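Quick note, the sequences are listed as chains A and B, same order. Heads up: the first sequence begins at 1 in my numbering, then just goes up one per residue. Heads up: the second sequence begins at 396 in my numbering, then just goes up one per residue.
Check the hints yourself; a few may be wrong.
With a straight-line Cα cutoff of 27 Å, these simulated DSSO-like cross-link-like pairs (lysine-lysine) come out [as the list claims (entries may be wrong)]:
#, chain 1, residue 1, chain 2, residue 2
1, A, K325, B, K415
2, B, K727, B, K774
3, B, K638, A, K325
4, B, K420, A, K325
5, B, K420, B, K431
6, B, K421, B, K536
7, B, K806, B, K729
8, B, K806, B, K838
9, B, K410, A, K325
10, B, K536, A, K325
11, B, K431, B, K536
12, B, K420, A, K2
13, B, K536, A, K2
14, B, K421, A, K325
Label-pair restraints from in silico Cβ distances [what the hints assert, rightly or not]:
#, chain 1, residue 1, chain 2, residue 2, range
15, B, E557, A, S22, 41 to 47 Å
16, A, T48, B, K455, 48 to 54 Å
17, B, E557, A, T234, 42 to 48 Å
18, B, G483, A, P87, 34 to 40 Å
19, A, S189, B, F589, 44 to 50 Å
20, A, T234, B, Q452, 55 to 61 Å
21, A, Y85, B, K455, 51 to 57 Å
22, A, T48, B, I482, 58 to 64 Å
23, A, S22, B, L405, 41 to 47 Å
No lab work stands behind these hints: they were computed from the structure. It should be emphasised that the depicted structure is a prediction, and the values quoted were computed from it without experimental measurement. We treat Cβ as the ideally placed atom computed from N, Cα and C, and that holds for glycine.
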Amino acid sequence: MKILRHFLNATDPCVFQQYIGSIKQDKPANLAIAFGNIDAILHLSQATEITQLATSWVATSSCITAFSDIGAEDNQNHLAILQFYDPQGSYGVASKQSSIDSIIEDSQQALTLALNAANRPGELPALIWCSQSPGLEEGLLTGIRQLVGNNVPVFGGTSADNDVSGHWCMFDGQQTITTGFIIAVLFPSTPINYFFSSGYETTRHTAIVTSASGRKLNTLNHQPAASVYNQWRTMMALPTLANGPVLAQSTFNPLGRVILDNDEQMTLLSHPAFIYEDGTMELFSEVYQGEQLTFMHGNQTLLIQRAQTVTHFAAQQLLDLYDSKPLAAIVIFCAGCMLAIKDETNQVRQGVEQALGNVPFIGGFTFGEQGRFADGVNRHGNLMISAIIFGHSNE
Amino acid sequence: MSKNEQQHELLMQLKVENQKLLEFKKLNNLMLKTLKAFTNNKEQSTPFRSLFELIAQELKPDVQLLITCNHENDGFFIVSSTDEMLIGRHFQLDDTVNSKPEQSIFSQSTVFFNLNLTPKWPASLKGLLPNAASALIQPVKIASRCYAIVLVINEVNGFDAEAKSVMSNYSSFIASTLTLMEYRHVAAERDTLFAQQKRIEQSMARQGKLAAIGQLAAGVAHELNNPLGFIYSNLNTFELYLKDINTFIMEVCNSHPDSIKLYNKHNLDFILKDSGELISESLEGARRARDIIKNLRNFSHPDENTISTINILELIADTVRIANTHVRKNAKIKISHDLNHAFTQGNATQLSQVILNLINNAQHAIEHQYGLIEISINKFNNWINVEIEDNGCGIDDADIPHIFEPFFTTKEIGQGTGLGLSISRAIIEQHNGCIALVHTGLKGTKFVISLPESNHVRDD
Numbered sequence: 001m002k003i004l005r006h007f008l009n010a011t012d013p014c015v016f017q018q019y020i021g022s023i024k025q026d027k028p029a030n031l032a033i034a035f036g037n038i039d040a041i042l043h044l045s046q047a048t049e050i051t052q053l054a055t056s057w058v059a060t061s062s063c064i065t066a067f068s069d070i071g072a073e074d075n076q077n078h079l080a081i082l083q084f085y086d087p088q089g090s091y092g093v094a095s096k097q098s099s100i101d102s103i104i105e106d107s108q109q110a111l112t113l114a115l116n117a118a119n120r121p122g123e124l125p126a127l128i129w130c131s132q133s134p135g136l137e138e139g140l141l142t143g144i145r146q147l148v149g150n151n152v153p154v155f156g157g158t159s160a161d162n163d164v165s166g167h168w169c170m171f172d173g174q175q176t177i178t179t180g181f182i183i184a185v186l187f188p189s190t191p192i193n194y195f196f197s198s199g200y201e202t203t204r205h206t207a208i209v210t211s212a213s214g215r216k217l218n219t220l221n222h223q224p225a226a227s228v229y230n231q232w233r234t235m236m237a238l239p240t241l242a243n244g245p246v247l248a249q250s251t252f253n254p255l256g257r258v259i260l261d262n263d264e265q266m267t268l269l270s271h272p273a274f275i276y277e278d279g280t281m282e283l284f285s286e287v288y289q290g291e292q293l294t295f296m297h298g299n300q301t302l303l304i305q306r307a308q309t310v311t312h313f314a315a316q317q318l319l320d321l322y323d324s325k326p327l328a329a330i331v332i333f334c335a336g337c338m339l340a341i342k343d344e345t346n347q348v349r350q351g352v353e354q355a356l357g358n359v360p361f362i363g364g365f366t367f368g369e370q371g372r373f374a375d376g377v378n379r380h381g382n383l384m385i386s387a388i389i390f391g392h393s394n395e
Numbered sequence: 396m397s398k399n400e401q402q403h404e405l406l407m408q409l410k411v412e413n414q415k416l417l418e419f420k421k422l423n424n425l426m427l428k429t430l431k432a433f434t435n436n437k438e439q440s441t442p443f444r445s446l447f448e449l450i451a452q453e454l455k456p457d458v459q460l461l462i463t464c465n466h467e468n469d470g471f472f473i474v475s476s477t478d479e480m481l482i483g484r485h486f487q488l489d490d491t492v493n494s495k496p497e498q499s500i501f502s503q504s505t506v507f508f509n510l511n512l513t514p515k516w517p518a519s520l521k522g523l524l525p526n527a528a529s530a531l532i533q534p535v536k537i538a539s540r541c542y543a544i545v546l547v548i549n550e551v552n553g554f555d556a557e558a559k560s561v562m563s564n565y566s567s568f569i570a571s572t573l574t575l576m577e578y579r580h581v582a583a584e585r586d587t588l589f590a591q592q593k594r595i596e597q598s599m600a601r602q603g604k605l606a607a608i609g610q611l612a613a614g615v616a617h618e619l620n621n622p623l624g625f626i627y628s629n630l631n632t633f634e635l636y637l638k639d640i641n642t643f644i645m646e647v648c649n650s651h652p653d654s655i656k657l658y659n660k661h662n663l664d665f666i667l668k669d670s671g672e673l674i675s676e677s678l679e680g681a682r683r684a685r686d687i688i689k690n691l692r693n694f695s696h697p698d699e700n701t702i703s704t705i706n707i708l709e710l711i712a713d714t715v716r717i718a719n720t721h722v723r724k725n726a727k728i729k730i731s732h733d734l735n736h737a738f739t740q741g742n743a744t745q746l747s748q749v750i751l752n753l754i755n756n757a758q759h760a761i762e763h764q765y766g767l768i769e770i771s772i773n774k775f776n777n778w779i780n781v782e783i784e785d786n787g788c789g790i791d792d793a794d795i796p797h798i799f800e801p802f803f804t805t806k807e808i809g810q811g812t813g814l815g816l817s818i819s820r821a822i823i824e825q826h827n828g829c830i831a832l833v834h835t836g837l838k839g840t841k842f843v844i845s846l847p848e849s850n851h852v853r854d855d
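Extracted from the complex, chain B is given alone in its bound form (with noise of 0.2 Å):
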């Protein structure tokens, strides 16, 4: 062979290589720019538009679709399209062709060089795609998901084997970056759990000690009960000791009228009228100790399990008692209703401490010293409701959804739980009641929460 002869075989082998090389460059170009768009896009919702842009600039299709199958009815649904109208369409498969999304035409790369001859386009989607005349259909498989990523032209013969060829080989990249971006995914998961882990072992170390000063408080109450109680009947008896005093010394007075120089000198008119007021003031905050120290036993020894008739009227009274040693720093507590009782079946420690979640709650919304929590109860029905209302500073929009999820808190790691709002909605739902936000902003927040009213009991 010729020299000359020689490098023209070598040229069209070369030129053979070219077209292919060709078509590696149009793949490298759409991994490239993938790569780019991919790192520079920190939003995860845009990739597949990206993707769109990129494989138009080298195969030119009219439409695009990103498709998953949806096992729950043997059907597709279009994640992303280039066709705005499209996106989030569902489209089955035609029953007569094909039997199930994994063994469609949309599990192989496949080029329709026209869609007319083939009964396998399903007839929903030629609906959706009126004009299209030829496909490219690759499936794009991640470890999650099967995605179908579906080129159309609304010409025939819009494909050749190189189209197939480029995109066959860009899918595994696509998928590569998609597993890659279901990684970070992942890693973003797996930290929220760690936080989450880290506020579980510290609820559980907060109920740790809260239950040991539970205990402490027990015995502390025990112990202040035996002296609390004779102060309570000594005051009684010093009472009627008082009556007897000042009945004998108006005796003396009204027998002995000199004696009533005396009575005015040592000002025993006010000193028996003071005595007995403080006697009675006394005696009312003995009253008061006496009701503290039972609140706190009935928390110390919670009767989880016992189900009795409640009046909620006394409950949330007990209860604003005992949240008024912290709340009155920042915030008022105000009960309104107009009922001589509302009854329901429960437990008291339960509603109580549900109760207690949302009073604790709308006083850390409350950043101002003019805060009001306002607890209205009413009747509806056979239904008690009771609203409670404040007016801090309101839930985020992007909060709302997720107040009930357990573990979910705005508060800052080792503030709380997150468990507040998901434990008090089971708790009511155990009740067969209900809990919900009835609105929120910048002015407070108001919950609501209803509880079916015991049948024996009514008010009319």
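Okay, chain A solo, but in the shape it has when bound (with noise of 0.2 Å):
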């Protein structure tokens, strides 16, 4: 297994067109999992010889930029690119444009594809890797799940655009998606191991979801959703929050959804999008009538910490369980998150540098993280942080 690890510029096409040429080896790779923001994403996807370098790809974008071990200069258009070589691994690729009606059938039909091009059909890959665009994150799930079970971890991020605007993307190496998804299936021939987390703490603002649809939060214990909100901001010594979009605002205190795994409870976040008028709230991520949810509390240094203790718990167990060195990392932080630290940002790519050593790794700020949680159920939540960690060979 040998994975190699690129940060390309991409802020001038004929430019980015020459280091790709550049890097091109004698075999292309198994797989490249990229991030980029949207400009480096369709750079690579107007570039020429892409197969050359890998003969699958996993591309996605990044909110305002990607970052790797290589620290840049300026923050933007870069692309982190990580190659993956394993002759003796097996590894596969599908994506579709889909929709929020065929997500789950889709995500379905994409799997079986996936395995099917690793050549590994009915086999249990060791890890699924995901990028969709954000609302079909829920229902990517669900059909992997109706597959699989529970049974294999799915990790990955939501495609993301710089505001919000809906110009998200994503590259397979031979298209171009932006309402849909790809889907990954890894059979490396080296252990892999991960943790996700959230950067926040919880409160003891607590209430019960009387009535939500999908995404939509209706009302929290029989009131207005976004007036408990408000109150338990109030409570905190916060600002309410006013109709209309509060992404940014609501950040450092998202909802907590409240996981109850043999009496230990665990936080699945959720971030608040925009509140209507009639005191609903859209969140970037579904709650469930019944679910109790929990006023979050998070800060700069939280999360600014949290990525590096995510990647160190995750390189940690990865010597403990399987007596193996990282040899490569992926690192998902929220960009919600991000937008909140903006200034700080290459302190998290520092953190992370510091927990992994010397070891390359790449890293995009995404709409929505995918993981699998403690209690070993794959799920999706927002202002989550990930770390994937590629081990050396332990034999």
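Using the hints, put the two chains back together into the complex; each one sits in its own frame.
Written out as structure tokens, the structure reads:
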């Protein structure tokens, strides 16, 4: 197993094409996973000889920029790529243009196609990597769950743009997808470990969802959801939020979906995006009637520390469990969190770098994060952070 | 971060670690129980069954198989299974999907979440396991062979990545344990080989002694032959002289009747008659001594490469005569046939050795004082059959498959070489014949030797 990391400046398409030509190897990689802002992904999709770099691609647009262990002088138009050369492993990718109505069926079909592409139909991969447009996450995970259960970890990030204007995109090596998804199945010859968590603290303010529909939260404890949310903010000495888009203002105070596993409480974050005049709220992930929500609290320091902690834990576990040292890593950091700490983003990168030592890594800022929670269930959340570590062979 | 939150964070990490630890607990349980099962179980045929029971406790598969590849036909053989009906069954890989066993799905750790989706699951295995819906395959490689454990559940999504991880880690342990057992087996084989080596050395020493005795016997036979020659010659002459003396005495008695009194007084009638019998018996004794010396010389100067036409009847009679010297202690040898002759082409010394081996074995099997070794000779089509039957203790059932193997013996070390029957079979097969055990039991044992009858001389 060999993993190469590239961090290419994609500002000028011609120069970018030259970079692409310069990193070609004798044989294409089995898989490439990439993050870059919209321009970088579009330049990648327009470049030639892409399939000579890797036979399959999962390139996801990242908010503002992507990051890697190589620090960038400016924060824009970079494409961060991990190339997986693994002759003993198997990799397959499938993609689909999809919609909220067909996503469950489409994700099942695509997963089957990806397994076929890896020449491992019917077999359980070590990891499923996914990238999708906002809104399709829960359906995608449901489709995957219907085919393979929760028996395999599913990680990934929702494609993002710079201003939630809907320009996010993905590229699978052949086509650019704006509403749909890409699924990759990984059967690597070396161990993988991961951790998925949030960087927020719970508070004592909780309520039960008494009415919700998909991502629209109507009432909490039979009161308009926005009213309850603003009451909590007041009690925490925070300004209340007016009707309209609230994504940026609510970043440090999302809602936490309480997940109980053997009496142990875990929280999956849901990011408020919009407050309607009727007091209902639009969230960035689904909530369900009867679910307990808690008011979460975060701050810059917590978020900056968080990526390092999550990465360190995942790497340490890789060593403890598989006697394997990190070979490369992918870190997913919520775009909302990044926008909240924008000026300190480089500290996040440095924290990950510190946790991994000289190990190459790439990362993206996404509009939703998917991962396997501590209870062994794959979920979609907001404002989450995940680290996936690819290890050296432990033989 | 608040202390409370730090504790919660730690709790989350511990939760993930706990999941992994549970996985390791399963593994540890398996390993501990396996160690106990393997160390307590002395019979090597049962460890796989113990293994299945342990795996069933942790992973709950519906069916378990232990398979090994059969390189002769690029297929697989089910060594053991929780389903008794499957043990010993063979199955093939599908030609279109798999190429060779060592590159097949059974050579790598794999979980099939839905067997209906894969063309790699062999059709012949599908036939054996029609209800199988998901499977976990774990190869187990030890130095001498490649095995694979196949776990099957009759529902899709039966196994998760943790089950695969448990089996993957467990397989190394199984392989190590099996290797350990194999070492034990090798050590036992080494001990057997040492015992065989000791027997060979003793056999060589004995053959050396026998060769020396043979040379001595040849010398003694040569030296005895001369005095025996003049004893034989003198007795013949003395027999003629006695006839003349007898004639003279009769004539004197006829011409001088007074001498009859003197004749009777000295009991010359008895003396003359008894003298004739004494000479006759002495001549018979001398003839027997001459035959024994002749046989000794034949054994001492083996003509191993000489092929000639042999009358089996004479060869058996000669061999029995030699064997009788030690057999007569506890057994009688009875020869029966209704043939005038039975000719075969071969080496007399070697064939005699075979008959002698069988007689010796028969005698060793007789542990009482009423031993009887019956040798019957008959012909069927163009074959001469020599049956040698004893009324000894018979051969144990467990030993029967091994009696023709070199160095196999039931005698104590130093008492037998274990080569007798194996050499006998080699000799008989060199003569285009065969040797077989007809029956054995508590009432005795019967062997038969069949040799081709020589073409140029026939009984009828």
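Hint check:
| no. | hint | verdict |
| --- | --- | --- |
| 1 | A:K325 - B:K415 | holds (18 Å) |
| 2 | B:K727 - B:K774 | holds (24 Å) |
| 3 | B:K638 - A:K325 | violated (117 Å) |
| 4 | B:K420 - A:K325 | holds (23 Å) |
| 5 | B:K420 - B:K431 | holds (16 Å) |
| 6 | B:K421 - B:K536 | holds (22 Å) |
| 7 | B:K806 - B:K729 | holds (26 Å) |
| 8 | B:K806 - B:K838 | holds (20 Å) |
| 9 | B:K410 - A:K325 | holds (22 Å) |
| 10 | B:K536 - A:K325 | holds (26 Å) |
| 11 | B:K431 - B:K536 | holds (21 Å) |
| 12 | B:K420 - A:K2 | violated (32 Å) |
| 13 | B:K536 - A:K2 | holds (26 Å) |
| 14 | B:K421 - A:K325 | holds (24 Å) |
| 15 | B:E557 - A:S22: 41 to 47 Å | holds (42 Å) |
| 16 | A:T48 - B:K455: 48 to 54 Å | holds (53 Å) |
| 17 | B:E557 - A:T234: 42 to 48 Å | holds (46 Å) |
| 18 | B:G483 - A:P87: 34 to 40 Å | holds (37 Å) |
| 19 | A:S189 - B:F589: 44 to 50 Å | holds (45 Å) |
| 20 | A:T234 - B:Q452: 55 to 61 Å | holds (56 Å) |
| 21 | A:Y85 - B:K455: 51 to 57 Å | violated (38 Å) |
| 22 | A:T48 - B:I482: 58 to 64 Å | holds (59 Å) |
| 23 | A:S22 - B:L405: 41 to 47 Å | holds (46 Å) |
Going down the numbered hints, you'll see the structure goes against 3, 12, 21, while the others check out.
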